[in-house]
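*Asks:* What follows is the residue order along each chain.
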Amino acid sequence: MAWRDGVLRALRGIALTLVVIFFLFPIFWIFLMSFETNETVLRVPPTLTPHLTLENYVALLSGQLVTATGVMNITFLHNLWNSVLLSTCSVAVALILGVPAAYAFARFRFRGREDIAFTLLSFRFAPPLLVLLPLTLYFQDIGLSNTYVGLIWIYQLICLPLILWIVRGYFEDASPDIEFAYRVDGHSWWRAFTRIAIPLAGPGIAAAGLLSFIFAWNNFVFALVLASADKQPVTVGALAFVTASGIQYGIIAAAIVLSVLPTLALALYAQRWLVEGLSLGAVKG
Amino acid sequence: MLELDHLSKTYGRSSLRAVNDLTLRVNDGEFIALLGSSGCGKTSTLRMIAGFEAVTEGRIALSGRRIDGLAPARRRVAMAFEGYALYPPLTVEDNIGFGLSSKPGLDARQRVRELADLLEIGAILKRKPAGLSGGQQQRASLARALARDAELHLLDEPMGQLEPQLRAILRGRVKALTKARGLTSVLVTHDQTEANAMADRIAVMEGGILQQYGTPAELHEQPANLFVATFFGEPPMNALPAIVDGDGLRLEGDTAARVSLAGLPLPPPGTSVVLGLRPHAVILGQGDWRATVISNHWLGDEAHVALDMNGRLIIAVAHNRVQAQTGSVIPLGFSSRDLHLFDAATGRALLHGSRVASPLSSRT
Amino acid sequence: MRDAVSTDGLLVQEMSTGFGKTQVLHGVTLGVEPGETLVLFGPSGAGKTVLLRAIAGLDPNAVGRVFIAGRDVSMVGPERRGIGVAFQNFALYPHMSAMENIASPLHARKLPEAEIAEKVGRIARLLKIDHVLAQQPRALSNGQKQRTALARALVGAPKVLLMDDPLRNVDAKLRYEMRMELPRLLRQAGAASIYVTQDYREAMALGDRIAVLIEGHIVQLDAPEQVYAAPASVAVARLFGDPPLNLLPCTPKVTGDGLTVRLFGLDLALPMAAGIAGRDALLGLRPESIGILGAPAPGAARATLTAATPLHGKVVLLLRTPEGEEILASQVGQPPETGSTVWFRPAPETALLYDAASGLLTLHAGATTEEAA
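Protein chains in written order, with our numbering: chain D, 1 to 285; chain Z, 286 to 649; chain B, 650 to 1022.
No lab work stands behind these hints, which were simulated from the structure alone. Careful: at least some of the hints might be erroneous.
[To be verified] Over 10 Å on every C-beta distance to chain D, these chain B residues come out as not near it, computed from the model:
#1 Leu679
#2 Ile732
#3 Ala806
#4 Leu831
#5 Arg911
#6 Arg969
[What the hints assert, rightly or not] Below, in silico cross-link-like pairs of lysine-lysine (PhoX-like), each with a Cα-Cα straight-line distance of 25 Å or less:
#7 Lys670(B) x Lys411(Z)
#8 Lys808(B) x Lys768(B)
#9 Lys822(B) x Lys413(Z)
#10 Lys808(B) x Lys777(B)
#11 Lys808(B) x Lys759(B)
#12 Lys777(B) x Lys822(B)
For glycine and all other residues, C-beta sits at the position ideal for the given N, C-alpha and C.
Could you build all of it, start to finish, from the sequences and the hints given here?
*Replies:* Listed below in structure tokens is the structure:
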């Protein structure tokens, strides 16, 4: 039946290729666009021939865009910095809060445990629009509008549920006997938590942290509404290229490429951990 | 009849063979056991027979039909999984009866009930798996495998979760059931008591290789090699390194301990051998050897005595109390009928009592 | 009841615990002297592991007092009780080497590195794992993991040692070897030890005394031989013995000075004082005490041999009487032909008599002042 195996393998290969093309083509197209000027981009029929230029990247990085109507200052690099700052700090705070909480959910029994856990998880699938309007008003009242602290606080809605969900699974999978043994040896509860529980849940924590970082980075709506120009991350910053003289597709594409690069690099570097972290933590036998 | 021909299995790109050139026949209506410690290849073999693992080399045939290329569902094999694998939304009754089509002459519900009563789970037929203990789930899984009239029944450690008492009772019942219905069965276990009690023949495996395939009596009285000899029996067989000297043996490192075996076909003088002696065969209180008592426990119906003979540990079991204090020196001996001799280099059996070990006694 | 202050070993008083609405332990009380090994024996679900955890301080729901070397540690966390625990599933720290695992209790006490290295080396040599100290648990065999776990429990010279069925996950050959080594090790360690097992032979080989725990109650606390010779209840009798004890329903009658029981057409004279006469009872006969004969004899009844199964050097015979009763007997040597007729003589001298209603042992041969339940 060897020939049958060969045919099956070929069919599988073709199917995979088609799926890959389907998903990767838009990304490839954007990548290509980032090297083209608006004129080339908007030409009909579209063309794949190289007419490449680096002027989009130069404009982004230098902070100046020369258009038909004059020179425009671009704050892209600053937006990039905002993204880094917001995402990193949000994940850090979420980890500090979430990991001990996940441990509590996994190890301790208390009334309402599952209800609380579910509520926290539900933040993940509640539409942000639900809370945006009231939030804007409250934030203005308490003076957190357009502040890093306010945004980091709101970003917990994105990061915390993920961390709780994934890391709790990891703590549940690890046998509590190992921590018991450590305590019986003479170490305090806190040392058992930091020296045993956390290292053993390491892959899960890393995966959860990475995923949270990616989701925080990609967030658009919260930053759009609650931040003004100087605190905006790249997701919102790209809107600036929708100018009076038309949409600067090339620059947008370049901005997208540059803003995707950090998370893409992270994901590629840690992809094995991500898969392991997601599948192990999520499947609770 | 189940035929395994030169079956081998390697995982991934590893060159390590989990199953190595296994050839084996199971006759219709026979109940055999694959016995060995964890990692010996017995579970891999079972999974290949069931169809959950691809065969790397070799072939599997059932009732003359080659099955190693077929999907599990097409092999007409029933299996009781070590991890139970019950269907969560169905009750125990529905689980057991799953796949039992109504054939003429077969009352499915009746059979399910009888099986459940046999395995002592009749009271929980209406419950769902989630509310059951490990032992109950395991018995439900076993009942499910036994309910069908398949050509082959595969049982993967089917009673591991049960206490010794219940296991002993259920073993007898399951064995009787398979005989009454003429079911061909393959049991995988690491528990020799279970294999001894249930199987007509036992295939002992280690490191992926078949060590010996025979009846429990054959394995016990004529073990093909040192591994099988020390694997069977509790306490394990005493294995004493020795050297052939003249018409007898001399224990290694102990010129005083000699055994005269005149008239028996011994290997050439100087050959390193291992003298095998079962604890029950050691006679305390008489004999040519002397040893110091390390411990003496009366375990209700037998005495287990551990002795030190010049640094060698010898375990003896007696069916009456032994009056020997720890630290005292007592004589011990044995009958040459109970002696086993193994080649020290290969582990292969040379002599059992007065009979030369047949090199063919280990095969299919 | 021992004086809590004077005991140098372990004293557990009225330990009860459960979770939700289920009560698992009911007022368990026991004491262990230093150097003594008390075996905690019972079927699965009896509460043995739960009791060990309660003694170690790992159960927040436990109520009851625990005294170690005269000190009341009931309110103290596990890290300050001075105990060593060997878990059934080893519970080794996977991200540390065997050496670091064993050294853990010594690190907790902040001993100097040189002393730690010396102590760890010594115990590793004793348990024959000194050559694998640098490896991580995943590279060790089950037997090595078990000995590493034991080394960790012993290295700190604890006053109390708790071992939860440590040999259960070890293969048969190694299990027997360790069963021989353990008593010597434990005696050297000098701790008050509790060893949990479900295997009665292991219990008899390792225990100075055996505590039988059934459904959260200690039903018997005796020397091993006593538990075998006179199990306190039907439940204990069924667990202690392989093949298990025969339990035959009967109604004892008073005759002269003692009791008679009519079974299999025989009148068996039991050498016990009267007490349970007239009530429903169960006669306990050990398989090895039943004599098998090839020909009729006084005091022997007829039966058919329906099955003969070898079991570790003896043969277990399943006999069926003409009335359909099944009896297990065991003997050494070649059994008669299966299906043949044999004569068996039950031995009333070693018989046990249980009250059918309560399941408790009423009298046994040799009991002089025991009263009926």
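*Asks:* Each hint should be assessed against the structure and marked as holding or not.
*Replies:* Do the hints match the structure? See the list:
no., hint, in the structure
1, Leu679, "holds (20 Å)"
2, Ile732, "violated (6 Å)"
3, Ala806, "holds (12 Å)"
4, Leu831, "holds (19 Å)"
5, Arg911, "holds (54 Å)"
6, Arg969, "holds (46 Å)"
7, Lys670(B) x Lys411(Z), "holds (24 Å)"
8, Lys808(B) x Lys768(B), "holds (17 Å)"
9, Lys822(B) x Lys413(Z), "violated (39 Å)"
10, Lys808(B) x Lys777(B), "holds (23 Å)"
11, Lys808(B) x Lys759(B), "holds (19 Å)"
12, Lys777(B) x Lys822(B), "holds (16 Å)"
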